[in-house]
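Could you build the full structure based on these sequences and the hints that come with them?
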Amino acid sequence: MAFLDAHYLLQGKTAEAIYAEIAELPIIDAHNHCDVKALSENRCFSDIWEAEAATDHYVWECLRKCGVQEEYLTGKERSNHEKWLAMAAVFEKVAGNPTYEWIHLDLKRRLGIDELINAENAQLIWDKSKAVLNRPDMAQQELIKQMKVEAMCSTDDPVDTLEYHLALQKSPLAGVVRPTFRPDRAMNVYKPDWPDYLAQLERRWQSHCNSIDDLIAVLQKAHDFFATLGCKASDHGMTVPYGYQISRDEANEVFLRARDRTKLSRNEVVAFMSYVFNEVAEMDAKKDWVFQIHIGAVRDTRDSLFNSLGADVGGDISDHLTDYVTPLLPLLNRFDNRLKIVLYNMNPIHNATLAQLTRAFGEKVSLGLAWWLNDSYIGMKTQLDYVGSVDVLSNMAGMVSDSRKILSYGSRHEMFRRTLASSLGGMVDRGQMPCEVAKRLAVSLAYERPKALFGF
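So my numbering is basically just the index in the sequence shown, starting at one, shifted up by 170.
Hints listed in this document are in silico derivations from the structure and should not be mistaken for laboratory results.
Misleading hints may appear alongside valid ones.
No more than 27 Å apart at the CA atoms, straight line, and that leaves these computed lysine-lysine pairs for DSS-like [as the list claims (entries may be wrong)]:
no.: 1; residue 1: K207; residue 2: K183
no.: 2; residue 1: K551; residue 2: K183
no.: 3; residue 1: K340; residue 2: K315
no.: 4; residue 1: K340; residue 2: K298
no.: 5; residue 1: K391; residue 2: K340
no.: 6; residue 1: K246; residue 2: K263
no.: 7; residue 1: K609; residue 2: K315
no.: 8; residue 1: K456; residue 2: K391
no.: 9; residue 1: K318; residue 2: K298
Restraint ranges, calculated between C-beta atoms of paired labels, are given here [what the hints assert, rightly or not]:
no.: 10; residue 1: K456; residue 2: K340; range: 27 to 33 Å
no.: 11; residue 1: D354; residue 2: S474; range: 20 to 26 Å
no.: 12; residue 1: T432; residue 2: V410; range: 21 to 27 Å
Just so it is clear, CB atoms sit at the ideal spot from N, CA and C, and this is done for glycine as well.
Structure below.
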């Protein structure tokens, strides 16, 4: 089997037949971190570094591991050309990590470049890719259409004006790009800048926040506004999904202390986060939105990175010791059968727990695909092979790219679809299901299921 050939990740004829059914289906990408401003401007990427690595901390972490100095990753003193040459010089060392496959898939599928990224080919790929990327048919909105992206959801804060989503409503991507309601900063009352964020909410929505009721009312305003632009989901990134049932009075006491910058106890933080979490869930239930929970990320663990560069630059890991079930059960029981919930795990050790949890709570609670550092052939296939033995595989929520760059929507969904075909093909070859059933299941998980679940 040659690198990225037609048989890539497909183990046998059955897997190939299943993949043929889903390879060209439109993409439904219900969670990503796209730059909506850049997409609305519809400009071309200036070069391959901007397209592939300028915003991608997956790439940065791999290159740091291979000895590339920070100035060639995030530094302003080095040109994109210099950064690309530094990347290419060590990129062979990244082989075995999905980043190596994703970027080569991008070059092959989107840019028509088959050369391997290495020191010898670095300048050739730079020149070839620059010529292709500067063509009008490679503008960002054109790329979205070429990849057959039918729906994609960005990640947006309640203070966002969504002005670029509004601009896209007048473009060929009207109805394709949707916001997602992400109220993490409103919930993260333990952070020192939480009172400053509260002030941002007040300014954005021209409303005073003097009580917990005021805060929930402001979030409701934002929630309603997001709905006018086609929002179909909220999203919550929580190391622990606190869903305890807390009284309004208890939550208000914590609100007042936090607003006054009083140091909070752990129990107070948990109470406040639980209350807001439940209130947003109630908003989602009333609009029939999907309530997405990304569980288990421990962010910014490397002090030197965070102190010099801030968040979202690497140094994030998963937590495997935390009990997710106890704090989440109260919320699952409160909203049993009336809220669509998707649970994503970053650590594969939680596949069993979450699969059993989604099984226990019926059709409205779904398992999301392996997330973040679990989002690889190994991570996805391990999950897919296991989930159907415990829960109902057809109830999974489908693929999300979770990506910050446009080119990778195609490559990440391709890796998922090939992995799905490989997993289902193995079941067929072992006599666990008929091939025709596997083909229909593949079409559902690759396209029909996420489209129906999110209501696109």
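Original post:
Between K207 and K183, does the CA-CA distance stay at or below 27 Å?
Top reply: Distance ~43 Å between K207 and K183 Cα, so the pair is violated.
Original post:
Under the criterion that the straight-line Cα-Cα distance not exceed 27 Å, is the pair K391, K340 satisfied?
Top reply: holds, 24 Å
Original post:
Is the gap between the beta carbons of D354 and S474 within 20 to 26 Å?
Top reply: holds, 24 Å
Original post:
Within 27 Å, alpha carbon to alpha carbon, are K340 and K315?
Top reply: holds, 15 Å
**OP:** Decide if the proposed pair is consistent with the structure: K340 and K298, CA atoms, cutoff 27 Å inclusive.
**Re:** With a Cα-Cα distance of about 33 Å, the restraint between K340 and K298 is violated, given a limit of 27 Å.
Original post:
In this structure, is the beta-carbon distance linking K456 and K340 contained in 27 to 33 Å?
Top reply: Since the Cβ atoms of K456 and K340 sit about 29 Å apart, the hinted range of 27 to 33 Å holds.
**OP:** Starting from K318, check that the Cα of K298 is at most 27 Å away, please.
**Re:** It holds: about 24 Å lies between the C-alpha atoms, which stays within 27 Å.
Original post:
Between K551 and K183, is the straight-line Cα distance small enough, at 27 Å or below?
Top reply: Holds, at roughly 18 Å.
Subject >> 27 Å Cα cutoff - pair K456, K391 >> reply: Measuring from Cα to Cα gives roughly 14 Å; hence the hint holds.
Original post:
Is K609 within 27 Å of K315, Cα to Cα?
Top reply: The hint holds at about 25 Å.
Subject >> Pairwise beta carbon distance, T432 to V410, judged against the given window 21 to 27 Å >> reply: holds, 23 Å
Subject >> Given hint K263 paired with K246 - CA-CA distance at most 27 Å >> reply: Since the Cα atoms of K246 and K263 sit roughly 25 Å apart, the hinted pair holds (cutoff 27 Å).
Checked against the numbered hints given earlier, the structure breaks hints 1 and 4 and satisfies all the rest.
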